[in-house]
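Now for the letters of each chain:
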Amino acid sequence: MIELTVNGTKHQVDVIPDMPLLWVLRDELGITSPKYGCGIAQCGACTVHINGAAVRSCQAHIGDIAGKSVVTIEGLTNRDTHPVLQAWIEHQVPQCGYCQIGQIMQAISLLELIPKPTDEQINEVMSGNLCRCGTYSRIRTAIHAAAAKMAEK
Amino acid sequence: MGDIQSLSRRAFIVSSAAVAGGIAFGSYAIAEPAAATSSSNPLAAGLKPNSVTFNPWVEISPERITLIAQHADLGQGVGSVQPIMIAEEMDLDPGQFEIRFAGPSPAYFNTGFADEFAPFLAADQSPAAEAARAAALESLRTSGLQMTGGSSTVPDTYEKLRIAGAVARETLKATAAKRSGVPVADIRTQSGHVILPDGTKIPYVELSAEAAKIPPVQDAKLRDPSEWRMLGKPMTRLDVRSKVMGELKFGIDLKMDGMVFASVKLNPNKGQPLKSYDASKARSMPGVKKIVEIKNGVAVIATNSWYAMKAVEAIECEWAPSTYPAEQADHWKTLEASFKPEFLGKEWRKVGDIDTGLKTGTLVEAEYRAPYVAHQPLEPLNGVGIVTDTGMEIWVGHQSPQFVQNIAANAIGLKPEQVRFHNQWNGGSFGHRLEYENVRVLAEIANQIRGTPVKLVFSREEDFLQDIPRQISIARHKGSVDNGKIVAADLQLASTAPLKGLLERSGIPSKDPDAQLAAGLWNVYYDIPNFRATSYEAQGLSPCTTWRSVGASTAGFFTESFIDELIHAAGLDPLKARIAMCTVPTYRKVLETVAEMSDWKGPLGNGRGRGVAFVEAFGTPVAEVVEVTATDRGVRIDKVWVVADVGKVVDPINFENQVQGGVVWGLGHAINCELTYAKGAVQQTNYNHHEAMRIYQCPVIEVRGLENDPKVRGIGEPPVPPAAPALANAIFAATGKRIREMPFNKFIDFV
Numbered sequence: 001m002i003e004l005t006v007n008g009t010k011h012q013v014d015v016i017p018d019m020p021l022l023w024v025l026r027d028e029l030g031i032t033s034p035k036y037g038c039g040i041a042q043c044g045a046c047t048v049h050i051n052g053a054a055v056r057s058c059q060a061h062i063g064d065i066a067g068k069s070v071v072t073i074e075g076l077t078n079r080d081t082h083p084v085l086q087a088w089i090e091h092q093v094p095q096c097g098y099c100q101i102g103q104i105m106q107a108i109s110l111l112e113l114i115p116k117p118t119d120e121q122i123n124e125v126m127s128g129n130l131c132r133c134g135t136y137s138r139i140r141t142a143i144h145a146a147a148a149k150m151a152e153k
Numbered sequence: 001m002g003d004i005q006s007l008s009r010r011a012f013i014v015s016s017a018a019v020a021g022g023i024a025f026g027s028y029a030i031a032e033p034a035a036a037t038s039s040s041n042p043l044a045a046g047l048k049p050n051s052v053t054f055n056p057w058v059e060i061s062p063e064r065i066t067l068i069a070q071h072a073d074l075g076q077g078v079g080s081v082q083p084i085m086i087a088e089e090m091d092l093d094p095g096q097f098e099i100r101f102a103g104p105s106p107a108y109f110n111t112g113f114a115d116e117f118a119p120f121l122a123a124d125q126s127p128a129a130e131a132a133r134a135a136a137l138e139s140l141r142t143s144g145l146q147m148t149g150g151s152s153t154v155p156d157t158y159e160k161l162r163i164a165g166a167v168a169r170e171t172l173k174a175t176a177a178k179r180s181g182v183p184v185a186d187i188r189t190q191s192g193h194v195i196l197p198d199g200t201k202i203p204y205v206e207l208s209a210e211a212a213k214i215p216p217v218q219d220a221k222l223r224d225p226s227e228w229r230m231l232g233k234p235m236t237r238l239d240v241r242s243k244v245m246g247e248l249k250f251g252i253d254l255k256m257d258g259m260v261f262a263s264v265k266l267n268p269n270k271g272q273p274l275k276s277y278d279a280s281k282a283r284s285m286p287g288v289k290k291i292v293e294i295k296n297g298v299a300v301i302a303t304n305s306w307y308a309m310k311a312v313e314a315i316e317c318e319w320a321p322s323t324y325p326a327e328q329a330d331h332w333k334t335l336e337a338s339f340k341p342e343f344l345g346k347e348w349r350k351v352g353d354i355d356t357g358l359k360t361g362t363l364v365e366a367e368y369r370a371p372y373v374a375h376q377p378l379e380p381l382n383g384v385g386i387v388t389d390t391g392m393e394i395w396v397g398h399q400s401p402q403f404v405q406n407i408a409a410n411a412i413g414l415k416p417e418q419v420r421f422h423n424q425w426n427g428g429s430f431g432h433r434l435e436y437e438n439v440r441v442l443a444e445i446a447n448q449i450r451g452t453p454v455k456l457v458f459s460r461e462e463d464f465l466q467d468i469p470r471q472i473s474i475a476r477h478k479g480s481v482d483n484g485k486i487v488a489a490d491l492q493l494a495s496t497a498p499l500k501g502l503l504e505r506s507g508i509p510s511k512d513p514d515a516q517l518a519a520g521l522w523n524v525y526y527d528i529p530n531f532r533a534t535s536y537e538a539q540g541l542s543p544c545t546t547w548r549s550v551g552a553s554t555a556g557f558f559t560e561s562f563i564d565e566l567i568h569a570a571g572l573d574p575l576k577a578r579i580a581m582c583t584v585p586t587y588r589k590v591l592e593t594v595a596e597m598s599d600w601k602g603p604l605g606n607g608r609g610r611g612v613a614f615v616e617a618f619g620t621p622v623a624e625v626v627e628v629t630a631t632d633r634g635v636r637i638d639k640v641w642v643v644a645d646v647g648k649v650v651d652p653i654n655f656e657n658q659v660q661g662g663v664v665w666g667l668g669h670a671i672n673c674e675l676t677y678a679k680g681a682v683q684q685t686n687y688n689h690h691e692a693m694r695i696y697q698c699p700v701i702e703v704r705g706l707e708n709d710p711k712v713r714g715i716g717e718p719p720v721p722p723a724a725p726a727l728a729n730a731i732f733a734a735t736g737k738r739i740r741e742m743p744f745n746k747f748i749d750f751v
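Heads up: the sequence lines are chains A and B, in that order. Each residue of the first sequence is one higher than the one before, starting from 1 at the first, in our numbering. Each residue of the second sequence is one higher than the one before, starting from 1 at the first, in our numbering.
Don't take every hint at face value.
Simulated coverage check for chain B against chain A, where a stretch passes if three residues somewhere in it have a Cβ under 8 Å from a Cβ of chain A [as the list claims (entries may be wrong)]: (1) 235–241; (2) 694–700.
Sample of chain B residues with no beta-carbon within 12 Å of chain A, all distances over it, derived [to be verified]: (3) GLU159; (4) LYS201; (5) ALA302; (6) GLU367; (7) GLU379; (8) VAL584.
Just so you know, the hints here were simulated from the structure itself, not pulled from any lab data. C-beta atoms are modelled at their ideal positions from N, C-alpha and C, and glycine is treated no differently.
Extracted from the complex, chain A is given alone in its bound form (with noise of 0.2 Å):
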């Protein structure tokens, strides 16, 4: 058994301690909003913060998880008024949306590290995160009306 902590709730799973976090938050845990994507790191669709950093869950084994506290979008202090999902939301990222999640937990990594970035530094930090549909335009404005938003508070 491994007992990892996710979203603050502590979890015991039976399963090889190879086996990448991702695959044990959406099939043993059913936490599904994480996806998979590509599952070498290619693509940033199954990002969540571990310790606070976004990681890629496909290449975190969980034998290196325990102990540490790992966080999904679900888990998000104020999720409903979260400036960076507000943003996403008021400047209509999303088209088919399956890489969006992974797009904002890093972008909620990168505004806690660059509080207001530049384009380049957004193109710099958000470069691991593909979007098949195209919406960059759109991320990188709500980055930018995320950063306002939280500046003002």
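Got chain A sorted already, so can you dock chain B onto it with the hints?
Relative to chain A, chain B alone:
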């Protein structure tokens, strides 16, 4: 080439006996509104007591109102705009209704294919063209073809869903009139309620049982667009919030009690069977429950998807070899040898005297190439299925519900009506979910563990290996210029046949030339006195299918790059010349608008360059200007301006998003994507080999929608075809280098 009408009449004489898209044209018949004549309403069968359905799109029970989204939601916004078209006329607000995707039924036949299946240029409004379209519509009605594709989401449903909503509204009013004794003329509706003259408000759901007892009021009038509350105005897509919150469930997210997980390894020599396999290693791997053989491979059933993927990876298989050439170089050779009469698809259009025209002035010749490309939506192929002794139930996101029934049924010896299909929200498609590989193997797997629900998920690698790609194509174009004018253009291409392949795999094979190979090739709206457009269909190559914008994704690149070459050879300005040559006034307006938006003033100099391209695809004319800078690190795309005329922009914000996405799709794949075969399998198996555009390369994209076209047109695909040629033309303007083959990064670096 000035007179479109007379040209098209000639085209009609040539092809009036033709069959397009597998559907034979009958005699001319006047099309009636679909809502009024659907032979049967599939919602009637599942209706609960005290509930009512007025047509295949509206269902009301005492508890809830359900609106049916007829098409598949691939991210293009079907699950929002289609219910809203009903709600607009029905006086419902977002939040007052639930949405369900349509099940398989001929009632949901796609009227939006009528224009595409009639062999006329989109800009042709002649009586002959309209008659052919009406005949195509009638054929579609008869065949009940239910399919999402061809940018038809809005064109198909713009009228019929508003009619469906208006019929519901008027019938509810008539029901309230009967109950209250008040004349129907004095009754109105608002926000999910019927309102009587004394102010009494009756919720629609309260009227469901009584409404079921009167015949639907069919002569409901549609409101004038000036009265619209939601359509045509900025509105929030209904699915945005749940997608942002992580709450929306895609097909891959479904869970059932007792469900097991499967993953597959299939013969990468597409369409060929498994010869033998050794699963000894896999059998003892963690979580493995069962290993099953299927027609073209093996599947592992395990306690989770990852265990299934890891174990199936460890199975060693011996495959039957491909029927197409094993190596990519031989695909190109076959294609090069296909410009011969025996491979003729069709001479789609001939104007003037091409031979004499080519002998006049300066001859320009060029060869262009476009490779196989993958679809690879981010949600991999998947599905949940359960087979019992009575039939199969399948939950999968797909664009062709009835064909899913057929494919699954055929795979395991059922009748199509024994397959119950539930469509799902899709994490993209781009044409991928018109194919059936996941459906067929899911049926085969579920049939071997009857009674247990199984979720199938393809690994990304397997998805790439089984992706039936976009057509591969070579163009050999000739033209001539004389006295500052284009005198002749002889456009020829050899290609695999995407639509024909899809139709065949869908069980409706066609012997006719693939009309998608004419897209972007024959629909050239420039005044060129001698013109010919011819397609050749290569045989024996990889199966191919429809990829966002289909034929125009390759031919649009060839045509608009070559036209650019001719314009330069004639010493003209690329955008001004296109405006001057354009024969269709509304299309000219599209070009003029993009000139105005981009403030086009000719060459920029200093390593900067602009390119323009104009392509009409699926009836929608789109012009794009791309601006690039040649830096010491490579070409940087600075900005794109796009103008599209769709007749009516029903969902403006989503319209902009779709256009921007189409441009990103077109540019990204043109820059760096191709699939190549080696030993019968594609060599690119994940996004690091087939990346397309990431955010760092994404330019600012300015969009404008025009509403001058007499018909309502789609926008999902048409912004794709002009992107690649506009970029190639911009690179030429900036560097003097003419790129005639995709992907461009084989010839020039990009920042």
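Hints, one by one, checked against the model:
1. 235–241: The restraint on the segment 235–241 of chain B holds, since 5 of its residues have a Cβ under 8 Å from chain A and three suffice.
2. 694–700: Coverage by chain A holds for the segment 694–700 of chain B (5 residues, Cβ < 8 Å).
3. GLU159: 25 Å, holds
4. LYS201: Check passes; 31 Å lies beyond 12 Å.
5. ALA302: 10 Å, violated
6. GLU367: 30 Å, holds
7. GLU379: At about 5 Å from chain A, B:GLU379 fails to clear the 12 Å cut-off, so the statement is violated.
8. VAL584: 28 Å, holds
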